[in-house]
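**Q** Take a look at the letters that make up each chain.
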Amino acid sequence: MSEKLQQIINKQHKTLAGDDVKIDEVIQLVGFIVGDEEFSVPILSIQEIIKPITWTRVPQTPPYILGVFNLRGSVIPLIDLRSRFGLEMIKHTEETRFIVMKNGDDVAGFVIDRLTEAIRLPKKDVGPAPETISEEESLIDGVGKQADRIITILKVDKLLERNF
Amino acid sequence: MDEFQEILQDFLVESFELIEQLDQDLVELESHPDDLDLLNRIFRVAHTVKGASSFLNFDVLTHLTHHMENILNLARHGDLVIDPDVMDVILESIDLMKALLVRIRDTGADSGLDVSGCVERLDAAASGNPIAAAVESTPEPEPEPVVEAEEEPDYAGMSDAEVEAEIERLLSQRQAEDAAKRAAKQTETAQEEPDYTGMSDAEVEAEIERLLAQRQAEDAAKRAAKKEESPASQPKAVPAPIPAAPAPKPEPKPEPKAAAAPVPKRSEAKEEGEGNRGGSTVEQTIRVDVKRLDHLMNLIGELVLGKNRLIKINDDVEERYEGEAFLEELNQVVSIVSLVTTDLQIAVMKTRMLPIGKVFNKFPRMIRDLSRELNKKIELEITGEETELDKSIVEEIGDPLVHIIRNSCDHGVETPETRLAAGKPETGTIQLKAYHEGNHIVIQIIDDGKGLDAGMLKAKSVEKGIITEKEADTMSEKEAFGLIFRPGFSTAAQVTSVSGRGVGMDVVKTNIEKLNGMIDIDSEVGKGTSMKLKIPLTLAIIQALLVGVQEEYYAIPLASVLETVRISKDEIYTVESRSVMRLRDEVLSLVHIGDIFEVERVFDNSEHAYVVVLGLAESKIGLIVDSLVGQEEIVIKSLGEYLKGIEGIAGATIRGDGGVTLIVDVAALMQMAKSVKSTVGQESPEAKGRGGVKTSASDYTVMIVDDSKTDRTIMRKALEPMGITLVEAVDGVEALNVLKQGEHAFDAMLIDIEMPRMDGYTLAGEIKKYNKYKQLPLIAVTSRSGKADRMRGVESGMVEYITKPYSPEYLMNVVKRNIKFNEGL
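Respectively, the protein sequence lines represent chains A and B. No gaps in the numbering here: position 71 of the first sequence is 71 in this note's numbering, and each next residue is one more. No gaps in the numbering here: position 327 of the second sequence is 491 in this note's numbering, and each next residue is one more.
Here chain A stands alone, though its shape is the one from the complex:
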């Protein structure tokens, strides 16, 4: 009995110790699906997440820039991430969302297929972006491993950078 108790105590101890580590080196992300892949961005770079609203096309822009929309009086660009990643654009569904991201004064809305969840990931589980990715290399900050899935972490500042 006492041995078992001791085991439990030990286990709790371990978990607690593990938690301590996490508090220090955990990153909080918001995960979402674009195409077949799960991506994520740091939660602090997200201003808000809204359901799709109407937008206005802006001429002379690449196809992935859908246009601009009105977010409570501000005119904000809207970027389709599917198209940005070279995937085919699809019709918006019930689950489509606009994620409004900001980096300093730069703000833009991004269309994603659906949200997954808020993710807490220990830093040690985040690896560097695979070297084979060349063109989109600059957009990926790292790759997070969690249980059975792989989450690509995007660089928000790169996403918000004008590249045309």
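Don't take each hint at face value.
[What the hints assert, rightly or not] Computed from the model, here is a short list of chain A residues facing chain B with C-beta under 8 Å:
| no. | residue |
| --- | --- |
| 1 | Thr56 |
| 2 | Val75 |
| 3 | Arg162 |
[As the list claims (entries may be wrong)] Stretch-level coverage of chain A by chain B, calculated; a stretch enters the list once three of its residues show a Cβ under 8 Å from a Cβ in chain B:
| no. | stretch |
| --- | --- |
| 4 | 67-74 |
| 5 | 100-114 |
[Claimed, not checked] A short list of chain A residues far from chain B (calculated; beta carbon distances all over 12 Å):
| no. | residue |
| --- | --- |
| 6 | Glu3 |
| 7 | Leu5 |
| 8 | Asn10 |
| 9 | Gln28 |
| 10 | Leu44 |
| 11 | His92 |
| 12 | Glu95 |
| 13 | Glu117 |
| 14 | Ala118 |
| 15 | Ile119 |
| 16 | Arg120 |
| 17 | Pro122 |
| 18 | Lys123 |
| 19 | Ile140 |
What the hints contain is simulated information worked out from the structure, not anything from laboratory work. Please read all numbers here as calculations on a predicted model, not as lab measurements. Note that beta-carbon positions come from the ideal geometry of N, C-alpha and C, so glycine has one too.
Please build the complex by placing chain B on the supplied structure of chain A, with the hints as guidance.
**A** Below, chain B without anything else, positioned relative to chain A:
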């Protein structure tokens, strides 16, 4: 230190304001040398600046202004006649004063500029007129002490009695000043800038007392001076004050801080006194940081958007709950909010308004300098300088006006000899007018010079490679005038310091376009030129015309919209692969908004189109849109960092329904229109697809136009084996009608030349006027085989010329070739 900074700021603001007025006054002075009011005013400026700068320890500035004061003082008392040479020196000194003030503003010190040369010239000018001064021997020394008693007594030349009188005067003045100062201390601001309207009764009384005492002292000094005056001291009197001044200065002003402060005060008091006599009152004003006004304007902008939205919602609610009691109330509230918002907007806009005189003020001086430099006689007439417009526009409009006026002086107005020879008055006149016209302010610059010669402008432009000869030939007179705004264009045969370097007028155009303004030039050779700048009153909130294309909307600044016209598509012609239309007696080039903004044209069925005629600077263009939505007040918002600099888009606005509408950048649009491949009047992609993708032989359609039934039958027989669709018409008129009905998409037309009602050439010419039939192959089938006939056929747009008789195979081959018949089908 902070206090000092504050004083310095006030000093600079005040000085710059004074100087602005000064330039104009001085030039006016040259034409009215004996206008005492004017002289007094100019003198006071120099004096005020001197007083304040000595207080602030700007020695160089004090030194300079002191000498300016001297020379002006002489003039003020009629001892010195202001001739152009003297004026040159004075103007030079004023420029130097400006430079010093700018230096003080930028660096906080007035060192580093050499004023000694100018001071010497000032002194020379002051004493350089001894004959004029000596002729009237008595007034010479007399006014000297009077003035000096007031400002800077000439102690060196004074007798004992005079000195005593002077001391007495200074004492009483000091007392009065002290009294005033004590009174002034009660109100903080009075120290620097006495605000008489804001003073208490006691303060005003103290001030009056002070002024009275001063006046008495002055009178006493004057009397004493008169008595003691001796002829021997006369010749010395003129130059004396200058070297003598620095020495006695510490005497009346032992502590510059105490004594100098009232100096500007005194002169202002006089100014005010004069103002009162003149019947005008001192305006109550308050200085406000421009940033605060800008912020206020932004807030109003948001409010206007809110108002627009409220009105939209009100309309929706009205539709849904028609007849309900609460609607009435809602309506009232909405109207009040909208009314107040509009008033508020106007009120805030007014706070940002400045009279355009602020810009105009510098031109009399400029004209004067230019006319001397160019040896021309030019007079400037200014009207409407009180016309007000937004501060930001006032700032932008200065440069373009400078360029235009320089241009008028240099190229417009002729030399006096030429003018006399042409039977014109020797002196040229440039009129500068400003007035309101609707939501615009119009600034007009009219000269009575030699005018613009359209032919010469064209020749010069061709020579400089700005335009091609072909372009020159098709150019209207107005368009030719517009050439002066092209970069690299200058008609001055010689490069002068004034103009001829080929920059300048293009700056005018760019700046005016930046303000969404328009330029209109009118000119007649030998009579003169009139340039009209039309500028919107304000920039942040604008009136816009909303237009629709397919399912998109765009806002066009109303300031650039000249008119809108509804035309049928038949009225669109093609000249050198550009779409044009006839607008009254003008040919207007057209561009479809959809081509500019890459709008996918899904449906394009209407026979009619709306053309928005846009005017900017001196150019015009017709913009074809699908629909006109209406006029709305819009607030310009930027598209942000990510999307900035998109060609043709000036910004965005939020509409009443919460959607975003893009604002057209008319200047950029005009540029883009030049390179856009026009699809005006062409079939929509769908229609093109119908004619483009052929799935069977019967998809090909060919029209046969011939008045002889036999000929039609021969052709039909020859082509039937191909299996293509054939349509017949008996003459040109019918053929045109069939074509217009649009029932068939023709791939080619076989046209006889000799036909009643409308012959083949005319028909071909008519067909080629339509853009969408530009590529339609027209094949002439005729018995006329002369070379001249063939030439005419080619000229009217025929691609092939088949002479009767012909073999059926030959005809078939020609048709096949022209419709790109696919044998595989």
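**Q** Count residues of the stretch 67-74 of chain A with a Cβ under 8 Å from any Cβ of chain B, then say if the count reaches three.
**A** Contact hint for the stretch 67-74 of chain A vs chain B: holds, 6 residues under 8 Å.
**Q** So Asn10(A) supposedly isn't at the interface. Is its beta-carbon more than 12 Å from every beta-carbon in chain B?
**A** With a cut-off of 12 Å, Asn10(A) remains clear of chain B, as the shortest Cβ separation is near 54 Å.
**Q** Once the shortest beta carbon distance from Thr56(A) to chain B is found, is it less than 8 Å?
**A** holds (4 Å)
**Q** Please confirm whether Arg120(A) is truly not at the interface, meaning its C-beta sits more than 12 Å away from all C-beta atoms of chain B.
**A** At about 30 Å from chain B, Arg120(A) clears the 12 Å cut-off, so the statement holds.
**Q** So is Glu117(A) really clear of chain B, every C-beta pair being over 12 Å apart?
**A** At about 28 Å from chain B, Glu117(A) clears the 12 Å cut-off, so the statement holds.
**Q** How about the stretch 100-114 of chain A: do at least three of its residues have a C-beta closer than 8 Å to a C-beta of chain B?
**A** holds (count 4)
**Q** Taking C-beta pairs only, is Ile119(A) more than 12 Å away from all of chain B?
**A** holds (27 Å)
**Q** Should the hint that Val75(A) touches chain B count as held when the rule is a Cβ pair under 8 Å?
**A** holds (5 Å)
**Q** Checking the smallest CB distance to chain B, is Glu3(A) really beyond 12 Å?
**A** holds (64 Å)
**Q** Glu95(A) clear of chain B by more than 12 Å, beta carbon to beta carbon?
**A** holds (23 Å)
**Q** Please verify that the nearest CB of chain B lies beyond 12 Å from Leu5(A)'s CB.
**A** At about 61 Å from chain B, Leu5(A) clears the 12 Å cut-off, so the statement holds.
**Q** Over 12 Å to the closest beta carbon of chain B is the bar; see if Leu44(A) clears it.
**A** holds (20 Å)
In this structure, every one of the numbered hints holds.
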